[in-house]
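Novice: Residues per chain, in single letters:
Number of protein chains: 4
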Amino acid sequence: MENENTLRRLKTVEGHLRGVIRMVEEDAYCIDVIRQIQAIEAALNKVSSRILEDHLNSCVITAVQGSDRKERERVLKEITEVFEMSTKV
Amino acid sequence: MENENTLRRLKTVEGHLRGVIRMVEEDAYCIDVIRQIQAIEAALNKVSSRILEDHLNSCVITAVQGSDRKERERVLKEITEVFEMSTKV
Amino acid sequence: MENENTLRRLKTVEGHLRGVIRMVEEDAYCIDVIRQIQAIEAALNKVSSRILEDHLNSCVITAVQGSDRKERERVLKEITEVFEMSTKV
Amino acid sequence: MENENTLRRLKTVEGHLRGVIRMVEEDAYCIDVIRQIQAIEAALNKVSSRILEDHLNSCVITAVQGSDRKERERVLKEITEVFEMSTKV
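These protein sequences, in sequence, are chains R, S, C and L. In case it helps, numbering that gives the first Met the number 0 puts the first sequence at residues 0 to 88. In case it helps, numbering that gives the first Met the number 0 puts the second sequence at residues 0 to 88. In case it helps, numbering that gives the first Met the number 0 puts the third sequence at residues 0 to 88. In case it helps, numbering that gives the first Met the number 0 puts the fourth sequence at residues 0 to 88.
Incorrect hints may have been included.
Which copy? The list can't say, so a pair holds if one copy fits it or any two copies do.
[Said to hold, decoys possible] Mimicking DSS-like on lysine-lysine, the simulated pairs with C-alpha atoms at most 25 Å apart in a straight line are:
#1 K10 / K45
#2 K87 / K69
#3 K10 / K69
#4 K76 / K45
#5 K45 / K87
No wet-lab data here; the hints were simulated from the structure. Since we're looking at a predicted model, the values are computed, not measured.
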């Protein structure tokens, strides 16, 4: 279900990216290309946030409420990792 | 306990920031100032990641294992929010 | 010439993005999808940096050495704008 | 002149950072601390953008219009470098 939403968003980004490739093929102005790439990145950030939201409300709840301590630690560690990476890209 | 660590890191950032202020007062080269500001931001990102890690391993576990559904939702929503913001700063 | 390079990089990103779409279709683990999206963003950042570098060494030099003051101001303003946006995506 | 502006902004950030340190000392809620750190980073991004703007309109113009090719290349390379770094912090 949530996958449908993510897929739709990612396919929109794919269309956007193809548009940018066309712009470069047609020698568009550099700054316009950079701006479109930044718009794609903003869209990808939104996709990631939605995926994380779904993940927190499913896998993370299951793991944290579960009895497997290692699994819980793993799942929570991953959240910190993607957060940390998000500040770098 | 974790607070000690966070405090120490934030005070280091404060010292770094004072150094940058001094650089500007002494007319340092613009690009050097920008680079130092970027170094401060990288340090702040690390502080945030550590705070989030502690938060996941304390408040989030408590809330997710607790019986208050609203509180659980609130706590998980906040994680998505700071993640989303982290892609913007 | 530089376009060739940019095109090649963007098409690699397109392939990467299609891989991520396939991952979502095949119900891959959320965190793995987020990590791949972050890798795509890192690649897009590199493309932008290369485009900016080429732009600085061509259009910006021409505009700054030219006699049209308005054009020079416009070109320099754009640099600040994409820099400012880059801190937000 | 522009320095006054930069200094004022950086001192505001310093005050903001001291406020965050106080929050941590008083055991403020983790997420609130993270949000304040993100606000500081947004403010620092603005300072960097303003410094870059001034730099483009002074040093960069001088270097690009000057006869020293090496100096011109150095100055333009720095712009790409801080842009590239800005996508990482």
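Novice: Evaluate each hint against the coordinates.
Specialist: Structure-based check of all given hints:
no. : hint      : in the structure
1   : K10 / K45 : both (13 Å within a copy, 22 Å between copies)
2   : K87 / K69 : neither (27 Å within a copy, 31 Å between copies)
3   : K10 / K69 : neither (36 Å within a copy, 34 Å between copies)
4   : K76 / K45 : both (21 Å within a copy, 14 Å between copies)
5   : K45 / K87 : both (16 Å within a copy, 10 Å between copies)
The structure shown violates the earlier hints numbered 2 and 3.
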